[in-house]
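*Asks:* Each chain, letter by letter, is given below.
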Amino acid sequence: MTGRIAELMRALGARIVNNWVWRLGVAIRFLWLTLRESGPSFRRFHLTIREIYFAGVLSLVVIMVSGLFVGMVLGLQGYDTLVRFGSSEVLGTLVALTLVRELGPVVAGLLFASRAGSAITAEIGLMKATEQLAAMEMMAVDPIARVVAPRFWAGVISMPVLAALFSAMGVFGGYLVGVRLIGVDEGSFWSQMQASVDFREDIVNGFIKSLVFGIAVTWIAVYEGYDAPPTAEGVSGATTRTVVTSSLAILALDVVLTALMFRGQ
Amino acid sequence: MMTRKELDLWVGIFAVIGIGAMLFLSLKVANLASFSSADTYPILAKFDNIGALKVRAPVKSAGVVVGRVSEIRFDNESFEAVVTLNVDGRYKFPKDSSAKILTSGLLGEQYIGLTPGGDSVNLKGGDTLKLTQSAVVLENLIGQFLYNKAAEGEGKK
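Going line by line, the protein sequences match chains A and B.
Be aware that the first sequence starts at 1, since it is given in this note's numbering, and climbs by one per residue.
Be aware that the second sequence starts at 1, since it is given in this note's numbering, and climbs by one per residue.
By construction, these hints were calculated from the structure, which means they are not laboratory data.
Since we're looking at a predicted model, the values are computed, not measured.
For every residue, glycine included, the Cβ atom is placed at its ideal position computed from N, Cα and C.
Heads up, some of the hints might be wrong.
[Claimed, not checked] Ranges of calculated distance between the beta carbons of each label pair, as one might list FRET restraints:
| id | chain 1 | residue 1 | chain 2 | residue 2 | range |
| --- | --- | --- | --- | --- | --- |
| 1 | B | V64 | A | R200 | 13 to 23 Å |
| 2 | A | I28 | B | K95 | 56 to 66 Å |
| 3 | A | W20 | B | V16 | 37 to 47 Å |
| 4 | B | E139 | A | V65 | 48 to 58 Å |
| 5 | A | G25 | B | D39 | 42 to 52 Å |
| 6 | A | I28 | B | V64 | 44 to 54 Å |
| 7 | A | V65 | B | D75 | 49 to 59 Å |
| 8 | A | V256 | B | T128 | 34 to 44 Å |
| 9 | A | L35 | B | K5 | 29 to 39 Å |
| 10 | B | Q133 | A | T258 | 29 to 39 Å |
| 11 | B | I19 | A | V65 | 14 to 24 Å |
| 12 | B | S104 | A | R263 | 15 to 25 Å |
| 13 | A | V256 | B | I19 | 25 to 35 Å |
[Claimed, not checked] Which bits of chain B does chain A cover? Going by a derived footprint, with three or more residues having C-beta under 8 Å, they are:
| id | segment |
| --- | --- |
| 14 | 12-21 |
| 15 | 56-65 |
[To be verified] Partial selection, computed: residues in chain B whose CB lies under 8 Å from chain A:
| id | residue |
| --- | --- |
| 16 | R4 |
| 17 | L7 |
| 18 | D8 |
| 19 | F24 |
| 20 | L25 |
| 21 | S26 |
| 22 | V29 |
| 23 | A30 |
| 24 | N31 |
| 25 | L32 |
Pulled out of the complex, with its shape left as it was, chain B reads as follows (with noise of 0.2 Å):
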């Protein structure tokens, strides 16, 4: 039989490997410390389509991810989307700055693309953006092609 003294050594331990596998899932897999929810302000952007765009995409600046999106709804009165990000604090933006949904890869996921403009004010939290670019629809794409083709036999004969 163990002595207690050997009993608590052992659930010390355990304790130990328990805590350091939370913490390494919390701050290698999860990377909590580089980018804490705490210190974010939130930005609006109103959209005519958002295409596949998710809560939790990424916003990014410059290809480098400065954001997160926490909500989209749908504006009953303009007929708009209107997404919230919201962009970490340490990171500031020209007021005219625009936003714009963008893929990664052909096919891979869609974020939201922060361009800066060149205005001296910074957007400060609960702020819209003015300048915002759409996704681009595939079916939308093709349909223009196939017109633009179209206009072009129409023009030769």
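Chain A on its own, in the form it takes in the complex (with noise of 0.2 Å):
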């Protein structure tokens, strides 16, 4: 009896080991490398031009028009209920406030993880599996300075930019819902936002929370593809590995950025 839970004891920490923290060693060493060999994403820049293009102007549209969603949703449930209260005119502070502390990077970071990241791994991916990569090998390209640098740091430009558009679109789409379609005035919902949003306090820890997660989501992304097995359902699964760990990461992450950024004083 006791062997058996000894066998079992031993196959999970195995597991644990080999999946998460052997891989996690060898992630972070890749992260290194990628930052090491990033001189040429900088000095031919139209590289990672390119993948700007793909990994933030093609998000533009989606990332605005949730952001438009989020921020009308906010307007109309934090209207309802500032409105027991006889508050309605701290709407404009609820709406700007929920979004450049937290939605505006963490949604923002989901969806730049389901749209942009996904397509990272899968790109690399299948560049691994039809041997693009070892081909480049061969002509003495580096792969992780052709194909992998650019592609990171493309995401941790592509990300602040992201999340503050998502931030700005949300907060119209309050003042869209708030001011045009329920009628709180215009000049408290803009004015009692004004006042209680902070530069350093607020934007900037956005800013700084978006950069953060665009880091994370980029890193495990370029690293699930280039980790990926060379097949067709090797591919398949980092993708699936990519959208769940960096949407766990995200979420994890802003625990700990909220815990170090807001303590109520």
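Using the hints, build the complex out of the two chains.
*Replies:* Put into structure tokens, the structure is as follows:
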């Protein structure tokens, strides 16, 4: 009996070590390699520009439309709650703080992970499966410098821009619903918002959050792609893992960052 | 496949929209332009009780936001709260101005109201306000009210 339990524990431990700890170590070494080989992504910036197009520009529409919808929902829900306390004029504060501090970086990060992260993983994984990466190595082109680093930096650059855009569209959506549809006073909507939203505390912290999420998502995406088993199944599994892992990473990092940034004093 | 020129154009548009969004957030949402932290001067005020005053609470004079609370600490010598107010450099107040802790609305957040005095010399950075009025604590108010009622009852007998 005890032998069986020990066997189970050993299997569980091996799973954790092989699937998590070992992979995390490899991923950190991979990140270091990517950073070391980042020179060409900036010297030949058109490589990165191309990837910013795929990661950032093509995510524009989905980010802007979801930002608008999220802002509108915040306007409706916030008004419904605030009006019970007779303080519907702080609707602007509620919408702006929710978006800038939390929903902007987090929801934009989740959308970015499923829209751009999965695409990066699938692309790199397929390049590996069709032996394009091996062919590059044969031609003495480092695939990390040529393929991985530009995608990594494109993601890191795009993510804060997309998060800012999401927040801005959300505030606009909240304005549309709150002021235009429901009829909250326009002056107090903006002035209450401006009185409570602080540049250093809220905007900059939101920006830092989105930057951290951008690094996490693209790191996971390029690593999963590069590490994918070179088969159709392997690539599809890696793509799924990218979305799941980076969504979890965003939410977990958000807890840590929020605890560090906003302590209510 | 897109040419490099088209790619550059789209990424350029992306950058312009992104910078626009960041400017919108900084200027319209956080109102950075009208109140920058660069040209402020600190003023100290000591209170017996600050109630629920928080760092970043507004400092208002005649209802206009003229600064923000930047630091609150406890002075272990006089057993008072020392509040640092960062006042916008555009606004000058006489040296004998007084500070009150007020509440916006019945349950709203607390802020500091600056009432200008009549001195001809203005406050400088680092000065301490002499006249302050603490926050109204509801429990004390109720206690006082009950005490007064009781005293009235005594008087009638």
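*Asks:* Could you say whether the range 48 to 58 Å given as a hint is met by the Cβ separation of B:E139 and A:V65?
*Replies:* Holds: the Cβ-Cβ distance is about 51 Å, inside 48 to 58 Å.
*Asks:* Hint check: is the beta carbon of B:A30 less than 8 Å from a beta carbon of chain A?
*Replies:* 4 Å, holds
*Asks:* Is the hinted range of 29 to 39 Å satisfied by the C-beta distance from A:L35 to B:K5?
*Replies:* The hint (29 to 39 Å, Cβ to Cβ) holds, given that A:L35 and B:K5 are roughly 30 Å apart.
*Asks:* Given as covered by chain A, does the segment 56-65 of chain B meet the bar of three residues or more with CB within less than 8 Å?
*Replies:* holds (count 3)
*Asks:* How does the Cβ-Cβ distance of A:I28 and B:K95 compare with 56 to 66 Å: does it lie in that range?
*Replies:* Hint holds: Cβ distance 59 Å, inside 56 to 66 Å.
*Asks:* Within 34 to 44 Å: is that where the Cβ-Cβ distance between A:V256 and B:T128 falls?
*Replies:* 39 Å, holds
*Asks:* Does the closest beta carbon of chain A sit nearer than 8 Å to the beta carbon of B:L7?
*Replies:* 5 Å, holds
*Asks:* Would the hint on B:L32 stand, with a C-beta cut-off of 8 Å toward chain A?
*Replies:* 5 Å, holds
*Asks:* Take the shortest C-beta to C-beta distance between B:V29 and chain A; is it under 8 Å?
*Replies:* Status holds, d = 5 Å.
*Asks:* Falls inside 44 to 54 Å, the C-beta gap from A:I28 to B:V64?
*Replies:* 53 Å, holds
*Asks:* Using the beta carbons of B:S104 and A:R263, state whether their distance is inside 15 to 25 Å or not.
*Replies:* At roughly 23 Å between Cβ atoms, A:R263 and B:S104 fall inside 15 to 25 Å, so the hint holds.
*Asks:* For A:W20 and B:V16, compare the CB-CB distance with the range 37 to 47 Å and indicate the outcome.
*Replies:* Holds, since A:W20 and B:V16 (Cβ atoms, about 42 Å apart) stay within the stated range.
Checked against the numbered hints listed earlier, the structure breaks none of them; every hint is satisfied.
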